[in-house]
Amino acid sequence: MKLTAQEVEYVAHLARLEITPQEKEKFTAQLNDILLYIDKLNELDTKGVEPMSHAIGVTNAFREDNVVESIGTEKTLANAPDARGEFFRVPKVIE
Amino acid sequence: MELYQSTIHELQDKIKEGKTTATEITCSVLQRIDAVEEKVHSYIRVLKEEALAAATDADKEIKKGNIKPLSGIPVALKDIVCTKGVPTTCGSHILHNFIPPYDATVVEKLRAAGAIFIGKANMDEFAMGSSTETSYFGPTRNPWDLERIPGGSSGGSAAAVAADECIASIGSDTGGSIRQPAALCGIVGMKPTYGRVSRFGLIAFASSLDQIGPFTKDVEDCAIMMNVLAGYDPKESTSVNVENPDYHQFVGRDIQGWKVGIPKEYFVEGIDPEVKAAIEESIKAMEKCGAQSVEISLPHTQYCLAVYYIIAPAEASSNLARYDGVKYGFRAAGGDLLDMYKKTRMQGFGAEVKRRIMIGTYALSAGYYDAYYKKASQVRALIKKDFEEAFKKCDVILTPTTPTPAFKIGEKTDNPLQMYLSDIFTISTNLAGIPGISLPCGFTKSGLPIGVQFLAGHFQEGKLIQVASAYERKAQVEKRRPGL
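Heads up: the sequence lines are chains A and B, in that order. Take the position in the first sequence, starting the count at 1, then add 37; the result is the number in this note's numbering. Take the position in the second sequence, starting the count at 1, then add 444; the result is the number in this note's numbering.
Only chain B is shown next, with the shape it has when bound in the complex (with noise of 0.2 Å):
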């Protein structure tokens, strides 16, 4: 086996014998990018030269006998995260020249835990999109088949780790952008709590939804990464000053009498058999586990989108209201103030992006705002209330991540609504504001990966590392790789 095909805590195990060094793993993981990229384009930015000389400081460490979580380990970041002298695009011609004058706290933390910033990843435009086609620097594509998108939007960060571009990686996730991607990369995505991870240099899109988190090859180094990534930040003021647990703890802890929550609004038409199948053999899987699993409710569920469609591009208007071509990025020509300001955001922004600022505008436009923000707010009230009603039932809720697996380049770029849907059993956490899990649990019979999400009450992260890693175990899914 390459060292690049290695989990975390393999390479940390042959770091502590002794067996490889940072610069080793460094060097096999930018060859496979040289191998591998120009098929995926996972990365925006390849960060080389800065990637060796860290896994050369790195290697110092280590043989003083200091070494960290992350010590060695290449790390890919979504180009949404700041990082102090590189440049931080967020997948946008308007921010295509800006360079951070800070890092964002998840850098500084995995900075300090030894990580190896390996490059910055492709997103969709502003974190808008399920696909990764609206990044203006080019799709992504699929590495379990080339013809496909990766998801979105984190679909750079998903694709670099499914590609062995990289050991792990960072995405956000606003309505699914790291779960819906870990499920149609064949990957483990975590979305924690909002407020478990400091947002603190994440790019806003929408920030009562907004929140970071890791993309690994299993459920031990997802624990691995939360251990470096949670934790309060008195520079973030929604981050949740609450006590953060030893993730690694709930690895290999059986799950024996704990109630399995499956949602009948999620089983509905519209998806695909070959996932309903694979969701079902997980469901009998979990009994496998000593777990029990119990039918719930959640009857908001199919207002779900409705609402996001409404808070999120709200949001979002407003948040990217400071692209404006006067303290960075990009600047068009033109006549006044007022005329500069239009022309640069007319060339600075994408159509998916222009389309969601015109939504939230509208929505937030005098005379509308009951009609649409308040109303999506009070239907947001009632779907966090079926969660926390739902949890009096179960300890976790395990559904489909996806209705269907990874579709193809073009197929909903002309329609937006169509492409909304992708992200249909996703949208619910974000607006409840709980942690979800996205890890693999099986094949199409054409050979595309699928998804099972496990979902939990707020700050129970614990949990869900805890299912994830018994299932991973017990359910004995077919270990595969892409044939790159």
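With the rest of the complex left out, here is chain A (with noise of 0.2 Å):
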């Protein structure tokens, strides 16, 4: 076993999911698997190797900084699940 049940958990909370008994052991053989699977990476050798991070060798993306129309205020909450005047509303975070 790479991860345990309590691992499980602890990614869980680092990935901000609540997750059921169930879950927990579901997710802890299924990642377990997969896991197991992503070992077979290191019968490779890729010491000196250059990590590749985009398919295409573009480097920085530079723009002009002229200002351009925006969508609002208004639009912009208008999909949030909870707002007040220009703000969105959460539960509370200060004690």
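Hint data in this document are derived by calculation from the structure and do not stem from the laboratory. Warning: the hint list may mix true and false statements.
Capping the alpha-carbon separation at 30 Å, the derived lysine-lysine pairs in BS3-like fashion look like this [what the hints assert, rightly or not]:
(1) Lys39(A) / Lys856(B)
(2) Lys828(B) / Lys84(A)
(3) Lys829(B) / Lys77(A)
(4) Lys63(A) / Lys787(B)
(5) Lys84(A) / Lys818(B)
(6) Lys39(A) / Lys818(B)
(7) Lys112(A) / Lys492(B)
(8) Lys77(A) / Lys852(B)
(9) Lys112(A) / Lys679(B)
(10) Lys39(A) / Lys787(B)
(11) Lys112(A) / Lys553(B)
(12) Lys771(B) / Lys129(A)
(13) Lys77(A) / Lys836(B)
(14) Lys818(B) / Lys61(A)
(15) Lys829(B) / Lys818(B)
(16) Lys63(A) / Lys856(B)
(17) Lys787(B) / Lys112(A)
(18) Lys818(B) / Lys77(A)
(19) Lys129(A) / Lys787(B)
(20) Lys771(B) / Lys112(A)
(21) Lys61(A) / Lys771(B)
(22) Lys818(B) / Lys63(A)
(23) Lys77(A) / Lys720(B)
(24) Lys61(A) / Lys852(B)
(25) Lys856(B) / Lys61(A)
(26) Lys828(B) / Lys77(A)
(27) Lys787(B) / Lys61(A)
(28) Lys84(A) / Lys829(B)
(29) Lys837(B) / Lys84(A)
(30) Lys836(B) / Lys84(A)
(31) Lys852(B) / Lys63(A)
(32) Lys112(A) / Lys528(B)
(33) Lys77(A) / Lys856(B)
(34) Lys708(B) / Lys84(A)
Label pairs and their calculated CB-CB ranges [to be verified]:
(35) Asn97(A) / Ala556(B): 27 to 33 Å
(36) Leu73(A) / Gly529(B): 43 to 49 Å
(37) Arg766(B) / His50(A): 16 to 22 Å
(38) Val105(A) / Lys837(B): 44 to 50 Å
(39) Lys112(A) / Lys732(B): 52 to 58 Å
(40) Ser809(B) / Lys112(A): 33 to 39 Å
Every residue gets a Cβ at the ideal spot worked out from N, C-alpha and C, and that includes glycine.
Given two chains presented individually in distinct reference frames, assemble the corresponding complex, making use of the accompanying hints.
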């Protein structure tokens, strides 16, 4: 086992996911299967190979810093589950 | 022949000759949807009123002589591309009520080209899947056999074209999500080079792999769609500013003297004997086209799936962090902020999405980054180099698109690894960023379509149109329609 049920719970917390005891059990088994499969990569010696993060060799994409029209507050807030005035509303953060 | 059965180029000819109208075509397709949608379930939303209104407008333009490349053509959009004022769900509960305030660049381009948007097509949730079974809105069925999956993640877009519920459609391909369903539904599907088509307004899954492309009924239509979709977009920083040719010029050209690479690693165990036989026929057909087949090697093929299942979930776990119940979409009731986040994501995401977020979060977490993400990115560089070496020896590469024909609904839902294996021949393309096309190459004895895939170097979509068009003319693949 590469991953214990406790670790699965910790990863779920990092991912901001609440999981049920059944999901925890299922995910532990399935994630272990997947990680075991991924272990295959360790057969390869990759010393000195430059990691590739982008398929095409494009680096920085610059544009002129011009002001253009934006969507605006009203449309931005239109999809919010809860909004008041010019703000998104969330449950209380500070005690 | 009914209008809904036609291709883009056939309908365009009829419109130009004044033999039909945008309204007639749209009504024909809507009638077809009424007749078969209940069985197939290609759509999350059919845009009936909007389509009829757009068709009326299109007819006014056509009457004035203003005929555009897609004037009056009903096109379906995978529900992953943002449409202004029209719900865009990504197949997920968490976005079930999301109404984008803007259009994706491809939507703007299609609209400007005269396309009529006929519906938002079903898909695996957040494009994570190979069968369209993970959609929050229920599965799509394969028009060739309703007990089977249409492939995925763009299964709704593929099934809609195969079932004549639209004339062409748009999908997205992160590891095979256009080519695999195209093969399993017996149609043409292209994934362009990474950076060829703007991703602005495409809901992100794995940003270094995602690419938008067309589904069509033949290769000429694929070229027509590429002419509309491709091109640099200043709004999208990974879109590449390179020459964008007229793709239609490659239709009908011969491939005399071309070298077609056959990667030996793609013909190993696990491939269905009927698929293998159909691909062997395709290789012979290449010789009829005047091309020569050469054996090539892509030595890191066996590592592609493992690389993909680190990189794609890692990028997804980061991209999907934005779904927190604050700015848009579903929100669950919760005590404090953290509790609200966790409950929203628990109730808003389905099992496959959670599984991938978990793998990605783990692979990127402190202490594991080098072992997983860095290692995978290094092997990815080796995979890209394999293709660079291979294209020194051949013009294009020919492979099966999928290892098997369409499997049954429910057959692989409990075994993620088995499901992942259905993308084994398409994933390397995305990792290397090269373009690929799948087109029909035959049928199994039980009548399921089989697809052949061609791959070319970066920005060589023209070559893919050329080889696919030559194949389509010379291979004489039997023309059939699903018996819905």
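- request: Quick one: which hint numbers does this structure break? Sort them smallest to largest.
  value: Of the numbered hints, all hold.
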